[in-house]
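If you read the protein sequences in the order shown, they are chains U, C, G, Y, A and S.
Numbering-wise, the first sequence is residues 1 to 379 according to my numbering.
Numbering-wise, the second sequence is residues 380 to 758 according to my numbering.
Numbering-wise, the third sequence is residues 759 to 1137 according to my numbering.
Numbering-wise, the fourth sequence is residues 1138 to 1223 according to my numbering.
Numbering-wise, the fifth sequence is residues 1224 to 1309 according to my numbering.
Numbering-wise, the sixth sequence is residues 1310 to 1395 according to my numbering.
Simulated from the structure, these hints should not be mistaken for lab results.
Just so you know, not all the hints are guaranteed correct.
What the hints assert, rightly or not - Stretch by stretch, here's where chain A covers chain U in the computed footprint (C-beta under 8 angstroms, at least three residues):
id, stretch
1, 16-25
2, 261-274
Said to hold, decoys possible - Dumping the calculated BS3-like pairs for lysine-lysine here, alpha-carbon to alpha-carbon at most 30 angstroms:
id, chain 1, residue 1, chain 2, residue 2
3, C, K419, A, K1260
4, G, K1076, G, K798
5, G, K970, G, K1098
6, U, K340, S, K1346
7, C, K588, C, K419
8, G, K1076, S, K1342
9, U, K40, C, K591
10, C, K719, C, K688
11, S, K1346, U, K280
12, C, K697, C, K719
13, A, K1256, C, K591
14, G, K1067, G, K1098
15, C, K419, G, K1067
16, U, K40, U, K280
17, U, K318, S, K1346
18, U, K280, U, K309
19, Y, K1174, C, K419
20, C, K591, C, K697
21, G, K1076, Y, K1170
Don't be surprised by glycine CBs; every beta carbon is placed ideally from N, CA and C.
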Amino acid sequence: MVEIGLEPLWQSTGLANLEWGQVLMMGVGCALIYLAVVKKFEPLLLLPIGFGAILSNIPLAGIGGSDGLLGLIYSVGIETGVFPLLIFMGVGALTDFGALIAMPWTLLLGAAAQFGIFVTLLGALALNFVPGFDFTLAEASAIAIIGGADGPTAIFLASRLAPDLLGAIAVAAYSYMALVPIIQPPIMRLLTTEAERNVEMQQLRHVNKLEKVLFPFAVLLLCIIFLPSAAPLIGMLTFGNLLRESGVVERLSHAAQNEIINIVTIFLGLAVGSKLSADKFLTIDTLGILTLGAFAFCIGTAAGVIMGKIMHRVTGGKVNPLIGAAGVSAVPMAARVVNKVGLETNHHNFLLMHAMGPNVAGVIGSAVAAGILLAMVGG
Amino acid sequence: MVEIGLEPLWQSTGLANLEWGQVLMMGVGCALIYLAVVKKFEPLLLLPIGFGAILSNIPLAGIGGSDGLLGLIYSVGIETGVFPLLIFMGVGALTDFGALIAMPWTLLLGAAAQFGIFVTLLGALALNFVPGFDFTLAEASAIAIIGGADGPTAIFLASRLAPDLLGAIAVAAYSYMALVPIIQPPIMRLLTTEAERNVEMQQLRHVNKLEKVLFPFAVLLLCIIFLPSAAPLIGMLTFGNLLRESGVVERLSHAAQNEIINIVTIFLGLAVGSKLSADKFLTIDTLGILTLGAFAFCIGTAAGVIMGKIMHRVTGGKVNPLIGAAGVSAVPMAARVVNKVGLETNHHNFLLMHAMGPNVAGVIGSAVAAGILLAMVGG
Amino acid sequence: MVEIGLEPLWQSTGLANLEWGQVLMMGVGCALIYLAVVKKFEPLLLLPIGFGAILSNIPLAGIGGSDGLLGLIYSVGIETGVFPLLIFMGVGALTDFGALIAMPWTLLLGAAAQFGIFVTLLGALALNFVPGFDFTLAEASAIAIIGGADGPTAIFLASRLAPDLLGAIAVAAYSYMALVPIIQPPIMRLLTTEAERNVEMQQLRHVNKLEKVLFPFAVLLLCIIFLPSAAPLIGMLTFGNLLRESGVVERLSHAAQNEIINIVTIFLGLAVGSKLSADKFLTIDTLGILTLGAFAFCIGTAAGVIMGKIMHRVTGGKVNPLIGAAGVSAVPMAARVVNKVGLETNHHNFLLMHAMGPNVAGVIGSAVAAGILLAMVGG
Amino acid sequence: MPIEDLLLSGVNLMLLGMGIVFTFLLVLVFAMKGMSKLAMAVMERQGTVSTHASTPVLSGQDSATMRGDLVAVISAAINQYRSIRH
Amino acid sequence: MPIEDLLLSGVNLMLLGMGIVFTFLLVLVFAMKGMSKLAMAVMERQGTVSTHASTPVLSGQDSATMRGDLVAVISAAINQYRSIRH
Amino acid sequence: MPIEDLLLSGVNLMLLGMGIVFTFLLVLVFAMKGMSKLAMAVMERQGTVSTHASTPVLSGQDSATMRGDLVAVISAAINQYRSIRH
Ligand code: NA
Ligand code: NA
Ligand code: NA
């Protein structure tokens, strides 16, 4: 007779098996969902990540384990790098690079903002002087990419260089992307004069269809020649963009912008959440990552604004240095923040379109930075 | 020279290789398609199941084999449990639990209707007295879940406890769900007086948005504490529901309610159909399963109605006992049947909304029952 | 200290690693994209194939390798045969077989046009007399299927019989399908008299719903009896068509016609592109395949038209022989070409609907031919 | 294999292949004609009986019969299968 | 296992099973009642405070607090976890 | 590895990294400027030649040329590749 008594019954309850770490991680999951739902912090990712954290910390159920639903999704979609790359395809299909094509020089603002990545890399290594921290170069690089302010890039790089830190890095990346409206404005105001913030930029020129079709090829060509390690990211971004701009594959462009990116986002979020286990997330490393992440965003913003000031000088005052802050990516949040801070000084100064140039340049810039880190450290 | 003659040609025809069992199973497949198309029996699942049965019984083609399309889909989606869980996410995203939140006591109707599951479990074991039957406890449990009147739950549990019976169990579950309008009314009329059926229930109170957002957490919390083995099912159901009710992830909610559930339904049906092979389906066990399934639905309905009568007494006549029949789940068919039987007695008595409470309670109830069976028998 | 110097930096650039073959293949990829975007050559497939060719030839990135995105997609979707079969399901769901049901005799036109396949098979074998060519029977069969003028069938068969030639075969199949408006008209004009081209055909009879529902079963039944090796292709085609015509599974039919086919098309194209590597594509074999492909289309068209002339005689002039050209499939391009050539002779003679019959018959015909080749050569 | 033998196999394959293609599609022609006749007969009868089959909710009587049908059909199949195998 | 023992297991399972189902759903009844009360209280308070929470773009002050909250919550969790484990 | 060496690697990486990022994006600036010029020239020429390229159905002459193009391009590629490898 199969023994079905009260003792095995009790042993099969969650109460009898819950560990403190799991309870705490479920709390973290709930906090992420709270931020997503109530505060509208990047809800498309933080809600699934938070729920994934709850599910994978349920005792006995093993949902995050190698046979569990979230564990399976993780191994199929994130370990292989497939999900972040498909998201990048969707981002490419959703992005209009017209503003960047009209103002190619704003690419330099996107370049400058990547300074946040590399300073954070140094910061992560320097943190090793503090007892309790022991980041390798690969881990420091994965943490540094938070400064790229780009979720899929961060997840892609972390899955390659530091899978154990992936949960914390993804949470930090998306949280700070949502916090861009709080982090950036003080830095922007501090580094610019009122006169600079007051600059009205001339209207963008018209960009024709052929330019938009050739643009993905130009970016991909340089990537092939100089930095093939960035080719998976840049390749899928430009592929998605070509689907959009070619105008002959409407069905596929629609699928990349909707079905694929939506389905993958649900699975990506749940799978990232499955990495929020107590033993990997509730460590001193996570505090370091959260601190370094904030630091990265601040440095990146500052570097972008300072490059903006340089361009302001060089162009004889035609460039409003505020748009440099949009170079961190965090599309389209950072561009909206630029617009808002600009309007504070001058009620008729709409910088949104001008900020979109450096904003999308930041996406390319951080993919390039990710490629460099992969090539130099990933070997 | 490669020999290409008439003899190998004949050997490559279906005629030369068809076995009787395959012909019979193709007939079963056609019968299922007939029921789906002409009689509108759960067509979303019975049509793909029936077609899958035909395809996987074609000689030589090996479509249901380990290298064949349906065999591959089965091993990726059902053996792993992924497909039923994704369907549950979609069900969560499609379900408005408002009626249940307005009348939490109707959860008890959903509880009572699960009696059908456990009585059927006993019945399956008792059937072993009949020569030819030899159900283990695990197999009996998988058969019993048909009484839950919930397709994905039945497939999920069967794939874990009795994969060989999965085809017959899935066919029985969906067939009887479609037969709810024939099975339930006589039982409902038999067990209730005209006065009871005549009861008009008061209008449901308004349920606010926050309640709807908190509801999935309440259900999941109890599942974590008491019954973690039900967490995969309950977890995905509540996740889907949170996507719906949070109001901040419209894109993801839409994907769960449409793209994902539609795609998975096609594949789930075909893969279940691939388990309808002669040697597994054309056994005496299948007759037992079909009989027990009908039995399970009857008992579940009766138990729900009797609990409805108890609530009718306790509340001093405020509850119409008919709504207890909706506790078996089979959403939304069972609720519609309640409404129809109610209207027979009183032309102005619309019970549909009141029956939706126990109806969705039945989904939670059978997921809970599945968790119990997994925990007690699945180990 | 990790060595991060200029030498490894240079070694990580594409410039230092690019091989000529890769550059050439990227050029081929660009040419395919050019044809897709500017000339509207089957853009839904040639654009992803072309981009896949570029991506998989990027040095160091390994995107087409076994761990790369495209390599993974290839092994999951094409090596298993899943993608072409899902496309076939979508084709079935998108196709209205009404014109064929109204004129069942036009099936013979679809049969005749398959002559292109088998003559090309002979041609491929005869090419072995030319030094440098050494096609096996399996390879010759895979090449011959280009004459079926049906992309997914060609990819399915090539993945089974000659995976190394898959890239070239897919490129040839889709290119020539796009070239149908150039290849066919001269042959059609050459083989028909003005009087024949002038024939106006009587209006198609009405086809009722039940006929459309029974049609997929009739086709599948014959396939089961005579040619089970064609069952994967014919099975998924008829399944998709039943989803469409049954009228009870609107959600699933919509998913097969949109989400599934769009998503799979993107992945199929990219994965086929990943087979366009220099060592497999830049061979004398490819030139042979391109030549044989054009040859196959010409022979298929001619055979169809000649069978059309026979039917013209037999029916006492009721059949316009032009519609035989549509028997090669290439849906709906070939039917449109027939319509256009018909209008040249007689401005009031709209043959489009009459050409749709042989056109969809050609799809069935080439799936049957593929089944024969699989059964005879694939063993 | 010498090229001549390959070619011979190819010719063989062509003859058989075209033969099967034509046979298959010719049989399909007749199958479709039969099917169409059947379908029209059924539709005509149904037309007089009213469009009964397309009512979305089952009427009691109709379905009760049919449920009998389902169990009957499967039972018959199982019996037949068992009697053949044993 | 003899059928009688199986049946005994089955009865055992039935009693336990229905017991758990009822307990679970009964506790859920009370959990839902509590939750509804809480939700209505919160909504009422919010109703007077204005529909603050649903503003899509964050106001500076509100979010600054919250960012403190996020880091504070996670820090507290980590500290607690470490103090328990060590 | 001692932390000092790690930091040295980090500084190295930072200098190289920012160098490459700036070089890459600077070259991209010029590539884009060139591309835009090219695109505008092409569009202007096309504007006068009419919007020929966007006709959905191929005109015979145009495509015949192009089909020659396709085979020619691939043939050239294959020849070049073979001549290099052998
Ligand atoms: Na960035
Ligand atoms: Na239920
Ligand atoms: Na064809």
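Quick rundown of the hints versus the structure:
Interface restraint, the stretch 16-25 of chain U with chain A: holds (4 residues with C-beta to C-beta distance below 8 angstroms; minimum three). Coverage of the stretch 261-274 of chain U by chain A is violated in this model, with 0 residues showing a Cβ closer than 8 angstroms to a Cβ of that chain against a need of three. Note on K419 of chain C and K1260 of chain A: the hinted pairing is violated, with a Cα-Cα distance of about 43 angstroms set against a maximum of 30 angstroms. Annotation: proposed proximity of K1076 of chain G to K798 of chain G is violated, straight-line Cα distance about 35 angstroms (limit 30 angstroms).
Proximity of K970 of chain G to K1098 of chain G is assessed by CA-CA distance (about 28 angstroms); at most 30 angstroms being required, the pair is judged to hold. Using a Cα cut-off of 30 angstroms, the hinted pair K340 of chain U and K1346 of chain S is violated, with the two alpha carbons roughly 34 angstroms apart. A hinted pair counts as satisfied when its Cα atoms are at most 30 angstroms apart, and K588 of chain C with K419 of chain C does not qualify at roughly 35 angstroms. A C-alpha spacing of about 63 angstroms is found between K1076 of chain G and K1342 of chain S, which places the hinted pair above 30 angstroms, so the restraint is violated.
A threshold of 30 angstroms between alpha carbons decides the hint, and for K40 of chain U with K591 of chain C the separation of about 18 angstroms falls inside it, so the pair holds. A hinted pair counts as satisfied when its Cα atoms are at most 30 angstroms apart, and K719 of chain C with K688 of chain C qualifies at roughly 18 angstroms. Proposed proximity of K1346 of chain S and K280 of chain U is contradicted: the alpha carbons are some 52 angstroms apart, above 30 angstroms. Taking the CA atoms of K697 of chain C and K719 of chain C, the gap is about 19 angstroms. The hint holds against a cut of 30 angstroms.
The hinted pair formed by K1256 of chain A and K591 of chain C meets the criterion: a straight-line CA distance of about 12 angstroms does not exceed 30 angstroms. For the hint linking K1067 of chain G to K1098 of chain G, the alpha-carbon distance of about 18 angstroms falls within 30 angstroms, and the restraint holds. At most 30 angstroms may separate the alpha-carbon atoms for a hinted pair to count; K419 of chain C and K1067 of chain G exceed this at roughly 46 angstroms. At roughly 26 angstroms between alpha-carbon atoms, K40 of chain U and K280 of chain U fall within 30 angstroms of each other, so this suggested pair holds.
This hinted pair checks out: K318 of chain U and K1346 of chain S have alpha carbons roughly 22 angstroms apart, not beyond 30 angstroms. Taken as a hint, the K280 of chain U and K309 of chain U pair is broken in the structure, with Cα atoms around 42 angstroms apart against an allowance of 30 angstroms. Between K1174 of chain Y and K419 of chain C, the direct Cα distance comes to roughly 25 angstroms. Compliance with the 30 angstroms bound is thereby established for this hinted pair. Restraint check for K591 of chain C and K697 of chain C: the C-alpha separation of about 25 angstroms stays at or below 30 angstroms, so the hint holds.
About 19 angstroms separates the Cα atoms of K1076 of chain G and K1170 of chain Y, which keeps this hinted pair within 30 angstroms; it holds.
Against the hints set out earlier in the document, violations occur for numbers 2, 3, 4, 6, 7, 8, 11, 15, 18.
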